[in-house]
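*Asks:* Fit chain B to the known structure of chain A by using the hints.
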Amino acid sequence: MPRTQKPTSGRQRRSGRRSPLASVALIAIGLLFTGGAYAMFSTSTATAATDSASAQTVSEGEKLFAANCATCHGLSAEGTGTGPSLIGVGAASVDFQVGTGRMPMQASGPQAIVKPVQFTEEQTAALVAYVASLAPGPAIPDEELLDAQGDAAAGAELFRINCAMCHNVAGAGGALTEGKYAPALEGVSPQHIYEAMVTGPQNMPVFNDMNISPEDKRDIITYLKYVENNPSPGGLALGSLGPVSEGLFLWIFGLGAIVALTVWITAKSN
Amino acid sequence: MKPAETKKSGGFTGAAANYLDERTSISTAVKELGRKIFPDHWSFLLGEVALYSFVIILLSGSFLTFFFQASMAEVHYDGSYVPLKGVEMSVAMASSLDISFDVRGGLLMRQVHHWAALLFVASIGLHMLRIYFTGAFRKPRELNWVIGFVLFILAMAEGFTGYSLPDDLLSGNGLRIIDGMVKGIPVVGTWISFLLFGGEFPGTDIVGRLYSLHILLLPAIIVALIALHLLFVVVHKHTQYPGAGRTNNNVVGYPVLPVYAAKAGGFFFIVFGVVMLLASFFTINPIWNYGPYDPSPVSAGTQPDWYIGFADGALRLIPPGLEWVWLGHTWSFNILIPLVGLGLFIGVVLLYPFLEAWVTGDKREHHILDRPRNAPTRTAIGAAGVTFYAGLWAAASSDIIATHFKLTMEGVIHTLQAVVILGPFIAFYITKRVCLALQKKDREIVLHGYESGRIVRLPGGEYIEVHQPVDEYERWKLVSYADYKPLELTPNAQGKVSPIQRVRAGLSRWFFEDRIAPVGTKELEESHGDHH
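Chains A and B are the protein sequences, given in the same order.
Taking our numbering, the leading residue of the first sequence gets 24, the next gets one more, and so forth.
Taking our numbering, the leading residue of the second sequence gets 4, the next gets one more, and so forth.
In case anyone wonders, no lab produced these hints; they're calculated from the structure.
Mixed in with the good hints, there may be bad ones.
[As the list claims (entries may be wrong)] Capping the alpha-carbon separation at 20 Å, the derived lysine to aspartate or glutamate pairs in DMTMM-like fashion look like this: (1) A:291 <-> B:43; (2) B:88 <-> A:238; (3) A:203 <-> B:413; (4) B:88 <-> A:239.
[To be verified] Covered stretches of chain A, as calculated for chain B (at least 3 residues, CB under 8 Å): (5) 170-180; (6) 184-196; (7) 199-208; (8) 281-290.
Just so you know, even glycine gets a beta-carbon here, dropped at the ideal spot from N, CA and C.
Next up, chain A with everything else stripped away, as it sits in the complex:
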């Protein structure tokens, strides 16, 4: 395109019949129209497709819900004595709880533990669609918030202030009361991290968008992924648990090696 364009504009400038920028503007307008029309067309078809698909997925999700979740959460997700109501928890909550294997819960306990995921992606999507159809709630976050390309330094600071008291500064996890705990964050997908912040699963508080903006959440994810993808500059991190693992390591392996060497040095030669 540019190659054919150049001589044309040169001719026009010589003839002086039209402004030299006119053709550029014309092309820009043309592109805008075709692009816009295409975008409108494609989104409308996409919405139509999801609409027709979602009616089906919602009913599929309802069946899965009745079979797997209703015992505790009630047949219409209204909640029972053993499980909370899911009306209004939103798509993000279901995607987090089911997508990390926490739900369906294996056994009653201080908190739902991570285990192998019980449903396929389609089934999870169906459950998500069903619960989301009950009432509005936090949605699954947009892709661009999950790219881990934000400001790691800002994210690290937010993480230290808002998250580190339970999850540890390096995301290694920590203890809560009565057998509850904040899990380690290594290997958790950006989507699940984001959803956890918006929905506050288990004992975690909700960090809504007024609290920590979506951009800030993106920064936090960026920091966590930075720590995960960049090995500790100092060598093996010993679980990033701080002075306890360092002290234990020193006593067992450091001093252990030293004592073994003292025995070797003072051993009588044969």
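*Replies:* The following block gives chain B in isolation, referenced to the frame of chain A:
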């Protein structure tokens, strides 16, 4: 010395040595020290490990002082660690990060310094346990025990001041706890805290002040005390384990020159090598994770370095609700009880040699070490102390224990509370019984020999196991220990028994009433021919 002789024997080395000797009379010292005998046992090298770790700390620490800036002025970090770029922090933190990321070899030196510091205190601890359980603190070495224990305390102070210097989140949290403990002291606490921090915590003075202590005052005192400690070792001569030919009046071992000097010199490099390996492969104190200090955040898993753990554990174990308002002041017994308790514990350890000497009434010099079993009560007291310390120590990591063993935090805390209170008594009882049982076994071996496993049938049909008599060298080890008896109550000049004497006699009875006497010559002779 005749010049002709000098020429003949040694060329340049001889001439140089002669030159030095004529001006310093150093040959006397070399002769004296070089012929000094040291006995060989692995446990005698633990103090040496502490000394070498200290040398490593001095070397790596000097390197760090070239680049560290002990200032709390605020700057924006502009080094190479991405997740902290542009973050506001103190100059101390920024320069520590620069040491870690932008100074060649800086991170290695930081890690060498920190690992060596952990090893320093750990080896002192192990060295102290060896001294205690073998009774090496007895006359004439009581003062050296005190010096050594003061060194242990100073090492902890060095460690803590160093831990606080980078001004990262972890060190700030540690200082905050110390600040809280100081403020918990009635009447003077707040004043002391303000004096220490130059105003309200954290202020802008503390890093500079701790730096002066860390690199100037504390190391100077430590070096002086180490010199004194070693001087005493030379003056007292080294102790030795009981064995054939070893008496209270000799030392059996190798001379310093050439054997021990070579061994010890080599051992320094071995210790240095181990520390270098640790520092090369294992991260310690990743300040880049913790970020700059900010009084609001506290990370999960915030602990002091291991040697302060027992104090942190004491604070974690103290039950809640021990705070009262009385006379218009808050009385924080949740802080005072651990402070006083640990103070007492430290005091008892410091003064133990004098307490034991008073209880036993023993005024003799001891250069032969006790086998721990031969002093059952002392060994049991030691075991009780170790259990108490270990309980507090474990409590400092209660949260990590809870997450990693899938326990409840409350369960861990309550269990450790029981360990700290009841554990010492249980440990005392079990250890004492085990010691007595081992002594009984020793007696049995001396009198009847080892079981050989050979079963012989006698003509009458009886089966017996043949016992192998113990050889003389081995027997020496088994029988040569002092037999103590409880002190008897003796009235003083006025014919009265003072209450203190009563206490002393009571303690002495408690110390020695359960004992197994060593096998005497007469007993041994009677048992001869009995080796079936």
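*Asks:* Please go over all the hints and tell whether each is borne out by the structure.
*Replies:* Results of checking the hints against the structure:
no., hint, verdict
1, A:291 <-> B:43, "holds (9 Å)"
2, B:88 <-> A:238, "holds (18 Å)"
3, A:203 <-> B:413, "holds (11 Å)"
4, B:88 <-> A:239, "holds (16 Å)"
5, 170-180, "holds (count 5)"
6, 184-196, "holds (count 10)"
7, 199-208, "holds (count 6)"
8, 281-290, "holds (count 7)"
Checked against the numbered hints above, the structure violates none of them.
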